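Enquirer: Chains as they are written, first to last, in this note's numbering: chain W, 1 to 328; chain P, 329 to 656.
One or more hints might be untrue.
[To be verified] Within a straight-line C-alpha distance of at most 25 Å, the following computed SDA-like cross-link-like pairs (lysine to any residue) qualify:
hint	chain 1	residue 1	chain 2	residue 2
1	P	K421	W	D135
2	P	K625	P	I559
3	P	K421	W	Q243
4	P	K625	W	G139
5	P	K625	W	I138
6	P	K343	P	G355
7	P	K517	P	T507
8	P	K421	W	E201
9	P	K421	W	Q64
10	W	K93	P	D463
11	P	K421	W	A104
12	W	K93	P	I559
13	W	K297	P	G467
14	P	K517	P	A436
15	P	K421	W	G139
16	W	K93	P	Q389
17	W	K93	P	G355
18	P	K625	W	E107
19	P	K343	P	E649
20	W	K297	P	G496
21	P	K421	W	D171
22	W	K297	P	G617
23	W	K297	P	D463
24	P	K625	P	E556
25	P	K625	W	A41
26	W	K93	P	P460
27	W	K297	P	A459
28	W	K297	W	R277
29	P	K517	W	E107
30	P	K517	P	A417
31	W	K297	P	P460
32	P	K343	P	E360
33	W	K15	W	R167
34	P	K421	W	A41
35	W	K93	P	R613
36	W	K189	W	Q243
37	P	K625	W	Q64
38	W	K93	W	P187
39	P	K625	W	R167
Keep in mind the hints are simulated off the structure, nothing from the lab.
All values derive from a computational prediction rather than experimental measurement.
Number of protein chains: 2
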Amino acid sequence: MNILVLGAAGMVGRKLVERLVRDGTLGGRRIERMTLFDVVAPVAPEGVPFQVRVAAGDLSQPGQPERLVADRPDTIFHLAAIVSGEAEAEFEKGYRINLDATRALFEAIRHSNHGYTPKVVFTSSIAVFGAPFPDEPIGDTFHRTPLTSYGTQKAIGELLLADYSRRGFFDGVGIRLPTICVRPGRPNKAASGFFSGIIREPLNGQEAVLPVADTVRHWHASPRAAVEFLIHAATIDTAPLGQRRSLTMPGLSVTVAEQIEALRRVAGDAVAARIRREPDPTVMRIVEGWPQRFSAKRAEEFGFRAEQSFDDIIRVYIEDELGGRVPA
Amino acid sequence: MNILVLGAAGMVGRKLVERLVRDGTLGGRRIERMTLFDVVAPVAPEGVPFQVRVAAGDLSQPGQPERLVADRPDTIFHLAAIVSGEAEAEFEKGYRINLDATRALFEAIRHSNHGYTPKVVFTSSIAVFGAPFPDEPIGDTFHRTPLTSYGTQKAIGELLLADYSRRGFFDGVGIRLPTICVRPGRPNKAASGFFSGIIREPLNGQEAVLPVADTVRHWHASPRAAVEFLIHAATIDTAPLGQRRSLTMPGLSVTVAEQIEALRRVAGDAVAARIRREPDPTVMRIVEGWPQRFSAKRAEEFGFRAEQSFDDIIRVYIEDELGGRVPA
């Protein structure tokens, strides 16, 4: 089979590609060809027993989506997006990439030759939800009232995905990713960055800043779980989804205090002591609008699975990023 | 004040203009100028003590929205849309008018001179909802899962309206209209047409066809109530809306049997006998996906009001369309 990964140079995209290369198959079918696309050229995996094409470009440029679907990929993973903070800072860029390019991709598929109906896996986000929230966990029928332009663009993507699927132009599945934790790499300036930072930096011998109260609760899954969601979404039977094509992915609802306790259990007191509390009113205000917990019943019924404890989320980071060992 | 009405030649648009002309004011401010726009030139009202400009055109054409907002209307009523059946039959036309033109209008406002933040009243629809529904009435936090391209386009319009309002580009209010009943005029081919037809045709001495079982339940409001919703939406204080800018309008949930009973009470047995039952499996299947009743609590808290009985809905038709008298 032929697979197209859009946003293949991003953190989750890279891990998805690694996984597909390792498996060599998707849903029991042998992978024969893969195209990796991003705004910067993704690194081609080495020693791969099938053809890998790497391409860089702007998905919102006329003709780009058409070129990418010209060889009729069976499965398209659409992870390409301007992240939340940037889409908020740059209004036009956010709409151009997150809305226009997504729609252009869907249109390119629609205009392809008759009978081409690929599987399209679209990464949405819990940013489609916005406060005020109910006291109980947010269920599968709760409305999407995003509080950012990014969340708005993802919610629109979900609506288009459903309409194009209903029309039979492709077979779409949208997955609303939890906050991905522990993100590997250097600290970034995203308002949510500290959720990963307070685990990652201490494990790497560095100090981390905690800008919110440790009573703050949020919804997490590991990068490994995110990749598993994508693979699973690409292989489930979509008929039972009906017209409701997007699903809130399972995750783990924990407080910051519970994150820190898990870090202490997994890595010891000395590591957990590397967290410095420095309340930041701006971050605190932003985080107040974020969802805290979901009841992802529908996704669970479809077989999606996430971590059951934050200890496991930390262990995934140690295994996948630190070679299984906590540095002294 | 200066008012722009988009979709002014449509049934609700015409009635809105009549009402504004009669009032001469909106929210206590004297109307000084009005622009009526539609794809066919709206009829200019006569003897009006203020300036009325009439224009015909395609809102999706480049430059058209910019021309319409150039004189900085204080309030914009955006009723222009391709109706449900047509948007389903003509995929591209529906997206072009219902999505692209709406977005182009919003963009034209955003690109206007600094400090121009008009009130924008956007007509959405209960078509943003799609089955399966809960057993209880659909509440204000139920998700939007449209089952038509029209409903998809309206749901996207709601999301854009909220994001542009949040950004401060304008001050938007979206109102999800119930099915409007009794629609005046000739029978049309809309799947929902019979809800009005079984009242209108008998009152006009003609036979009406009922294509569904009389147990079918649906959500109605009169054209007069729809105009009142629009006026009210244009004048409410939007601060308490927060970021949730679209509201399900109140309406009346009745079965077809209850509609017919009301007709009998208001107009007599002979009139009610003009309904012929001729089940149509296609219409029956379409209607199954439609919502049956809402709990429009939030709109009611904001002071929106609809009819309390179907007898009243019939009387509105008789008063407004038949000069207050039922033809023999």
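Enquirer: A separate judgement is required for each hint: does it hold in the structure or not?
Expert: These are the hints, each one checked on the structure:
1. For the given pair, K421 of chain P sits about 42 Å from D135 of chain W by alpha-carbon distance, which is inconsistent with the 25 Å threshold.
2. Pair hint K625 of chain P plus I559 of chain P holds up; C-alpha atoms about 19 Å apart against a cutoff of 25 Å.
3. With a C-alpha separation of about 22 Å, the suggested pairing of K421 of chain P with Q243 of chain W holds against the 25 Å cut-off.
4. For a cut-off of 25 Å, the pair hint linking K625 of chain P to G139 of chain W stands: about 20 Å separates their Cα positions.
5. Restraint check for K625 of chain P and I138 of chain W: satisfied, since their Cα atoms lie roughly 20 Å apart, inside the 25 Å limit.
6. With a C-alpha separation of about 17 Å, the suggested pair K343 of chain P and G355 of chain P falls inside the 25 Å cut-off, and the hint holds.
7. Restraint check for K517 of chain P and T507 of chain P: the C-alpha separation of about 15 Å stays at or below 25 Å, so the hint holds.
8. About 53 Å separates the Cα atoms of K421 of chain P and E201 of chain W, which puts this hinted pair outside 25 Å; it is violated.
9. Between K421 of chain P and Q64 of chain W the alpha-carbon distance is near 23 Å, which keeps this suggested pair within the 25 Å criterion.
10. Between the alpha carbons of K93 of chain W and D463 of chain P the distance comes to roughly 42 Å, so the proposed pair goes past 25 Å and is violated.
11. Our distance criterion of 25 Å between C-alpha atoms is met by K421 of chain P and A104 of chain W, whose separation comes to about 16 Å.
12. Using a Cα cut-off of 25 Å, the hinted pair K93 of chain W and I559 of chain P is violated, with the two alpha carbons roughly 35 Å apart.
13. Under the criterion of a C-alpha separation no larger than 25 Å, the hint pairing K297 of chain W with G467 of chain P is consistent with the structure, at around 20 Å.
14. Distance restraint check for K517 of chain P and A436 of chain P: the Cα-Cα separation of roughly 34 Å exceeds the 25 Å cut-off, and the hinted pair is therefore not satisfied.
15. A C-alpha spacing of about 35 Å is found between K421 of chain P and G139 of chain W, which places the hinted pair above 25 Å, so the restraint is violated.
16. The straight-line distance between the Cα atoms of K93 of chain W and Q389 of chain P is roughly 23 Å, inside the 25 Å bound, and the hint therefore holds.
17. With a C-alpha separation of about 37 Å, the suggested pair K93 of chain W and G355 of chain P falls outside the 25 Å cut-off, and the hint is violated.
18. Between K625 of chain P and E107 of chain W the alpha-carbon distance is near 39 Å, which puts this suggested pair outside the 25 Å criterion.
19. A threshold of 25 Å between alpha carbons decides the hint, and for K343 of chain P with E649 of chain P the separation of about 11 Å falls inside it, so the pair holds.
20. Distance check on the hinted pair: K297 of chain W and G496 of chain P sit about 37 Å apart at the alpha-carbon level, beyond 25 Å; violated.
21. At most 25 Å may separate the alpha-carbon atoms for a hinted pair to count; K421 of chain P and D171 of chain W meet this at roughly 23 Å.
22. The suggested pairing of K297 of chain W with G617 of chain P holds, with an alpha-carbon distance near 23 Å, which does not exceed 25 Å.
23. Of the supplied pair hints, the one linking K297 of chain W and D463 of chain P holds, its CA atoms being roughly 19 Å apart against a limit of 25 Å.
24. At most 25 Å may separate the alpha-carbon atoms for a hinted pair to count; K625 of chain P and E556 of chain P meet this at roughly 17 Å.
25. Straight-line distance between C-alpha atoms of K625 of chain P and A41 of chain W comes to about 52 Å, which puts the hinted pair past the 25 Å bound.
26. For a cut-off of 25 Å, the pair hint linking K93 of chain W to P460 of chain P is broken: about 36 Å separates their Cα positions.
27. For a cut-off of 25 Å, the pair hint linking K297 of chain W to A459 of chain P stands: about 18 Å separates their Cα positions.
28. For the suggested pair K297 of chain W and R277 of chain W, the alpha carbons sit about 35 Å apart, so the restraint of at most 25 Å is broken.
29. For the proposed pair K517 of chain P and E107 of chain W, the alpha carbon gap of about 29 Å is over 25 Å, so the pair is violated.
30. Distance restraint check for K517 of chain P and A417 of chain P: the Cα-Cα separation of roughly 13 Å lies within the 25 Å cut-off, and the hinted pair is therefore satisfied.
31. Proposed proximity of K297 of chain W and P460 of chain P is supported: the alpha carbons are some 16 Å apart, at most 25 Å.
32. Taking the CA atoms of K343 of chain P and E360 of chain P, the gap is about 19 Å. The hint holds against a cut of 25 Å.
33. At most 25 Å may separate the alpha-carbon atoms for a hinted pair to count; K15 of chain W and R167 of chain W exceed this at roughly 32 Å.
34. Proposed proximity of K421 of chain P and A41 of chain W is contradicted: the alpha carbons are some 36 Å apart, above 25 Å.
35. Our distance criterion of 25 Å between C-alpha atoms is broken by K93 of chain W and R613 of chain P, whose separation comes to about 42 Å.
36. Our distance criterion of 25 Å between C-alpha atoms is broken by K189 of chain W and Q243 of chain W, whose separation comes to about 37 Å.
37. Between the alpha carbons of K625 of chain P and Q64 of chain W the distance comes to roughly 47 Å, so the proposed pair goes past 25 Å and is violated.
38. As the CA atoms of K93 of chain W and P187 of chain W are separated by approximately 23 Å, the hinted pair is consistent with the 25 Å bound.
39. A distance of roughly 34 Å separates the Cα atoms of K625 of chain P and R167 of chain W; the hinted pair therefore is violated under the 25 Å criterion.
Comparing the model with each earlier hint shows violations of hints 1, 8, 10, 12, 14, 15, 17, 18, 20, 25, 26, 28, 29, 33, 34, 35, 36, 37 and 39; every other hint is respected.
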